[in-house]
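Between the sequences and the hints, there should be enough to build the whole structure, so can you do that?
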Amino acid sequence: MSLFVLSVLPWLGAALVASLPAGARRLQAALAGATALGVTVLALQATPAVLGGQVLGASVEWLPALGLDLGFRMDGLAWLFVLLIGGIGALVALYAAWYLDPADPHSPSGRFFVFLLLFMGAMLGVVLADNLVLLVLFWELTSLASFLLIGFWHGRDDVGRDAREGARMALTVTGAGGLCLLAGALLIGHIVGSLELDVVLASGDRLRAHALYEVALVLVLLGAFTKSAQFPFHFWLPHAMAAPTPVSAYLHSATMVKCGVFLLARLYPALGGSEPWFWIVTSVGLVTMLLGAYIAIFQHDLKGLLAYSTISHLGLITLLFGLSEPLAVVAGVFHILNHAIFKASLFMSAGIIDHECGTRDLRRINGLMKLMPFTATLGIVASLSMAGVPLLNGFLSKEMFFAEALAKDSHAAMEWLLPVAATLAGALSVAYSLRFIHDTFFNGEPVGLPKTPHEPPFFMRLPVMLLVLLCLAVGLAPALVAGPLLAVAAQAALYGAPGPALPAYELAVWHGFNGALLMSGVAVAVGVVLYVALQRGLNLHHVTRLPGWAVAGGRELFSLMQAGGVSAARGLVDALQNGSLQRYLLLLVLMALAAGAAPFVLSWGPSAQPAALHLQGLHPLALLLGLLGSAAAVGTALLHRQRLVAVLLMGGAGLVVCLVFVGLSAPDLALTQLLVEVVSLVLLMLALKWLPEESPPERGDRWHPWRDAALALAVGLGVAALVWMVLTRPGQSISDFFFATALPLGGGANVVNVIIVDYRGFDTLGEITVLGIAALTLHALLAGWVPPAAQTPVASGQAHPLMLQRVARLVLPFVVLTSVFLYLRGHNLPGGGFIAGLVLAIGLVLMQVAHGQTWVRERSPLLGGDFRAWIGWGLALAAATGLASWWFAAPFLTTTYDYPWLPGIGGVPLASASAFDLGVTLVVVGATMAMLLAIARLSRPAAAPPTD
1 MSLFVLSVLP WLGAALVASL PAGARRLQAA LAGATALGVT VLALQATPAV LGGQVLGASV
61 EWLPALGLDL GFRMDGLAWL FVLLIGGIGA LVALYAAWYL DPADPHSPSG RFFVFLLLFM
121 GAMLGVVLAD NLVLLVLFWE LTSLASFLLI GFWHGRDDVG RDAREGARMA LTVTGAGGLC
181 LLAGALLIGH IVGSLELDVV LASGDRLRAH ALYEVALVLV LLGAFTKSAQ FPFHFWLPHA
241 MAAPTPVSAY LHSATMVKCG VFLLARLYPA LGGSEPWFWI VTSVGLVTML LGAYIAIFQH
301 DLKGLLAYST ISHLGLITLL FGLSEPLAVV AGVFHILNHA IFKASLFMSA GIIDHECGTR
361 DLRRINGLMK LMPFTATLGI VASLSMAGVP LLNGFLSKEM FFAEALAKDS HAAMEWLLPV
421 AATLAGALSV AYSLRFIHDT FFNGEPVGLP KTPHEPPFFM RLPVMLLVLL CLAVGLAPAL
481 VAGPLLAVAA QAALYGAPGP ALPAYELAVW HGFNGALLMS GVAVAVGVVL YVALQRGLNL
541 HHVTRLPGWA VAGGRELFSL MQAGGVSAAR GLVDALQNGS LQRYLLLLVL MALAAGAAPF
601 VLSWGPSAQP AALHLQGLHP LALLLGLLGS AAAVGTALLH RQRLVAVLLM GGAGLVVCLV
661 FVGLSAPDLA LTQLLVEVVS LVLLMLALKW LPEESPPERG DRWHPWRDAA LALAVGLGVA
721 ALVWMVLTRP GQSISDFFFA TALPLGGGAN VVNVIIVDYR GFDTLGEITV LGIAALTLHA
781 LLAGWVPPAA QTPVASGQAH PLMLQRVARL VLPFVVLTSV FLYLRGHNLP GGGFIAGLVL
841 AIGLVLMQVA HGQTWVRERS PLLGGDFRAW IGWGLALAAA TGLASWWFAA PFLTTTYDYP
901 WLPGIGGVPL ASASAFDLGV TLVVVGATMA MLLAIARLSR PAAAPPTD
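End of the sequence shown = 948 in full-length UniProt numbering, gap-free, step of one.
Quick caveat, the hints were computed from the structure, so don't treat them as lab data. Just so you know, even glycine gets a beta-carbon here, dropped at the ideal spot from N, CA and C. Do not rely on the hints blindly, as some may be mistaken.
Each pair of labels, with its calculated beta carbon distance range [unchecked claim]:
no., residue 1, residue 2, range
1, Gly-766, Pro-667, 23 to 29 Å
2, Leu-644, Leu-883, 29 to 35 Å
3, Leu-590, Pro-667, 32 to 38 Å
4, Ala-880, Leu-587, 38 to 44 Å
5, Gly-716, Gly-766, 44 to 50 Å
6, Trp-416, Phe-4, 50 to 56 Å
7, Leu-883, Pro-730, 29 to 35 Å
8, Gly-23, Pro-900, 51 to 57 Å
9, Asp-736, Gly-716, 29 to 35 Å
For lysine to any residue, the following SDA-like pairs were computed, each having C-alpha atoms within a straight-line distance of at most 25 Å [claimed, not checked]:
no., residue 1, residue 2
10, Lys-451, Pro-373
11, Lys-689, Leu-802
12, Lys-451, Asp-162
13, Lys-689, Gln-805
14, Lys-451, Leu-469
15, Lys-370, Gly-448
16, Lys-370, Phe-459
17, Lys-408, Leu-290
Right under this line is the structure:
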C-alpha cells in the first residue's frame, strides 16, 4: 500500500467527477463514494502492519534547501482517522446522492462531490503529513474546502445569506487559527532543529524546557481551539449549519472539527504533560463542554441542537487530553471514535427529517414516530448513544471520562471541580438528547409542516442504519470491535511511536459498582429531571432566549469586528486612493526612500564614514553622457505638459542609458535597452493620439512642484550615495562564479543569457508570466472602451504612406531572419529569446503602422490576428521545459546541453534552455502585439445619423 496513492486518490476522484456530465448525479455520487471506499480499503490493507506496531512512511524531495520532504506517515492515530475519513465519507456520498434535489438549480451535484473530495484530500493530508509545514498546508486547505462546502447554497433565497455568512465566519476563524499554527510550527522547528514529525515527537523534554515553549504552545493551541470550536471560538460552528446536511454529517462529526483534537493528540508527546498545557487545555475544554451542553437544550433548530452538542463533546475530548494522564488520553481517543459514529448518524437523521418534513423546527416536527417509525428508531438509538446510555458506544467512553475525572488528584482545585463538572455535563447531555427524542418523535402531532413526512428511500436510510449498528456493536462488544484500533491509536497519541506499553484498562460493558457508574446514574437521573422541569416549567417551545443570562455575543462580536475591519480598511482606502496617479507615485517613492534610508540612519555613527571615491580615471565621454541623461530627465520634468516632447525626451534618456551599457561592455543589456525604448516609444505614441497635445495645468498648491523636485533630488542623491558606498567598499561579487561556470555547467559562453534561462530560470518564468498578465489586463481593459468623440483623431481608415508600406514589406523578412539569428546565437553570443522577441515585435509593429490595424487579421493568416494565444503557448512551452526535467529525476527547470557532431558541419551546440528561450520569445512577441493592437484597434464612435 502506497501512502502517495492513498493521499492523491481523492484529488484524482475530484478531477474525474468534475469531468462527468452535469446531469449524471448518481454516477457522480458513485464515483465519489468509490473514491472514499478506495481510501478505506487502502487503509485496511495496512492493518497488519499498523497493528504490528509499524509506522509506515513515504517521501520525496520537496524543499531540500529547507530540509523539507513531501512525505506521509501513518501510525495508529493516523490510521484511525483515515478509516473515519474514508468510511464515513463513503456513507456521506451515498446519503448525498438521495439528499440533493436534482430539480434544485442551486444544488449541482457535480460541484458538491468535487468539493467533498477536495476536502477529503485535504483532511487526509492533515492526518498523514510527516512534517509540520506540510500539516499546516493541508490544514489551511481544509479551511478553504470547508468554506466552499458550507457556502454551497449561497445562491438560494431561503438560506443563501446564512450560508455566505457561515462560510465567511468559518474561514475567518479557522484560517486565522491556521496562521497561528504556522507560527507555532516554525517556532517548534526552530527549537527542535527540525520540522520532521518523528524528530518533533521525540523532543518533548527539549521543547518543554525551552524558554519559548509557552509561546509555541499558545500558538499551536490557538490553531487547535479555533478548528475544534473551543471557547471562545465556538460561535462559528452553529452558523456552519447553513450547509447541506451531508456536509454537516461529514465535517462536523468525523473530519473538520476533529482536526483540532487530532492536533492535540498528534503533538501530545511533544507539548503535553506540562503545567501550562494542563491549565490551558483543561480549562478551555471544561468551559466549552458545559457551555455547549447548556445552550444545546434551548435550541429550536434540530441541527442547531446537534451543533452545540458537538461543541460540548469536543470540549470533553479536549478536557481529557488536558488532564495529561495516560488513561485520559486513551479515553479521549476512544471518544473521538464514538462521537464520530453517533454524531454522523444523528446529522443524517436530522437531514432525513428536514428532507421529508421541509423544516427542522423542533416546535413543529412532533409525533414523527407514527409517521416515520424506522427513522425514528434509528434516531432514538443514536440519541441515546449521545446521552451515554448503557449498551451503546457513547456509554463506554463517557464512563472512562467519569473515571478519569475522579482519578485526577494532582491539583487540589480539580479534585472536586472535575467530578462535579463531568456529572453536570453528563446530565445536560441527557437533557438535550431527551429533547431531541421527545420533541421530534413524540410530543403530540406535527404543526403546519410544509410537506407530509414519510419514510425516506432505503439507500438514504442505509448509512444511518450502518452507523447505528456500529454504535450497538461497539457498545455490546467493545474489546472485539474497537479494542485493537483503540490500542494502536492511543499508543501513537501517547508516545508518537512504538514505546512503552499502555497502562492497563478494560473495554467492557460492566466494570462493577464504582464511582464512575454512580456518576453516570446521577447524570441520567438529573438529566431526566432537568428536562422534565424545563419542559413543564418553561415550555421550551416558547423559550426564545436563554433564561437568566445571555450566552451569545459570538456572532455579534464577530460581526462587530468584521464591520470595524471593513470600516478601517475603507477609511484607509479613502485616505490613500483618491484617483491621482501622481499621489500614488509620491507615496510609493516616499516609502521606497524611507525604506532605503532607514538602515543608514539607524547605523550612522562616528565610524560610519564612506571611503573616498577616486575619479581620476573618469573619461570625458562618460561625463558627457551623464550631462546628456540629466538634461533629458530635467527637460522631461520641465516640459511634461507638452506630451510629445516629454515622450521624446524620455526616449533620449533611455538612449543615454543604452550608451552607458555599451561603454560598460554589456552588449546584451544595450541591445535590450534600445529595443525596449523603440517598443515603448511606439506604444506611447499610439496612446498619445487619444489625448490632447498638452496636459491640463496642475490643480493644487504652488509648492507641489517644489515638493516633487525635492523628493526627486533626495531619491537621486540617495541612489548616488548607495552606488558610492558599493563602489568604495571591498566586496566579493558573485559574477566570478557565473563567469567560471556558465560554459561548463550551462553550456553557453554568453553569461547573461545563461543566467536568464538557467541559473535564474525560475525568475524569468515569473517575469514573463507578469508580462503576459499585464498585456492581457490591458487588452481586457480596452476591450469595450470607446474614446470620446472629442478625443478621436482622424478616422482610422486614413491612407498610409505608400513608401512606408513598401519599405515595411521589404524589411519584414530581414527582421524575421534577424530575430531567428539572434535567438539561435543567444546562448553563446549577444542575443537570446527576449531580444529576438523584441526584434520580431518591432517588425510586426512596423507592418501594423504601415498597413493599418487590419493587416494582422487580413494579411497574415499564420499570425491568426490574436496574439494572446502566443502568450499562452509561450508560457506553456517555458513551463513544459521545466517540468521535463522531472522526467529525469532532476529539479524543476534543470537544463542540460550537448554538442552533437554533424557531418560537414561539426559540433552543433544544443541546449535544453533553448526551448525555454523560445517560450520567452513567444511571450514577448505576444504581449507586445496584444498591447499594441489593444490600443490601435480603438476607433471613432459611430457617427450619429443625420437629422431632418
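Hints, one by one, checked against the model:
1. Restraint check, Gly-766 to Pro-667: a C-beta distance of roughly 25 Å satisfies the suggested window 23 to 29 Å.
2. Take Leu-644 and Leu-883: their Cβ atoms lie about 47 Å apart, and the range 29 to 35 Å is violated.
3. With their beta carbons about 37 Å apart, Leu-590 and Pro-667 fall inside the hinted range of 32 to 38 Å.
4. Against the hinted window of 38 to 44 Å, the Cβ-Cβ separation of Ala-880 and Leu-587 comes to about 41 Å, which satisfies the hint.
5. Under the hint 44 to 50 Å, the C-beta atoms of Gly-716 and Gly-766, about 29 Å apart, miss the expected range.
6. Separation of Trp-416 from Phe-4 is about 51 Å and conforms to the stated range, judged on CB atoms against 50 to 56 Å.
7. Taken as a hint, the range 29 to 35 Å is violated for the pair Leu-883 and Pro-730, whose Cβ atoms sit roughly 42 Å apart.
8. In this structure, Gly-23 and Pro-900 meet the distance hint of 51 to 57 Å, their C-beta atoms being roughly 55 Å apart.
9. Roughly 31 Å separates the CB atoms of Asp-736 and Gly-716, a value that falls within the hinted 29 to 35 Å.
10. Using a Cα cut-off of 25 Å, the hinted pair Lys-451 and Pro-373 holds, with the two alpha carbons roughly 17 Å apart.
11. The hinted pair formed by Lys-689 and Leu-802 meets the criterion: a straight-line CA distance of about 22 Å does not exceed 25 Å.
12. For the suggested pair Lys-451 and Asp-162, the alpha carbons sit about 23 Å apart, so the restraint of at most 25 Å is met.
13. Using a Cα cut-off of 25 Å, the hinted pair Lys-689 and Gln-805 holds, with the two alpha carbons roughly 21 Å apart.
14. Our distance criterion of 25 Å between C-alpha atoms is broken by Lys-451 and Leu-469, whose separation comes to about 29 Å.
15. With a C-alpha separation of about 16 Å, the suggested pairing of Lys-370 with Gly-448 holds against the 25 Å cut-off.
16. Of the pairs offered as hints, the one joining Lys-370 and Phe-459 holds, with about 21 Å between alpha carbons and a cut-off of 25 Å not exceeded.
17. Annotation: proposed proximity of Lys-408 to Leu-290 holds, straight-line Cα distance about 19 Å (limit 25 Å).
Violated hints, listed in ascending order, are 2, 5, 7, 14; each of the other numbered hints is respected by the structure.
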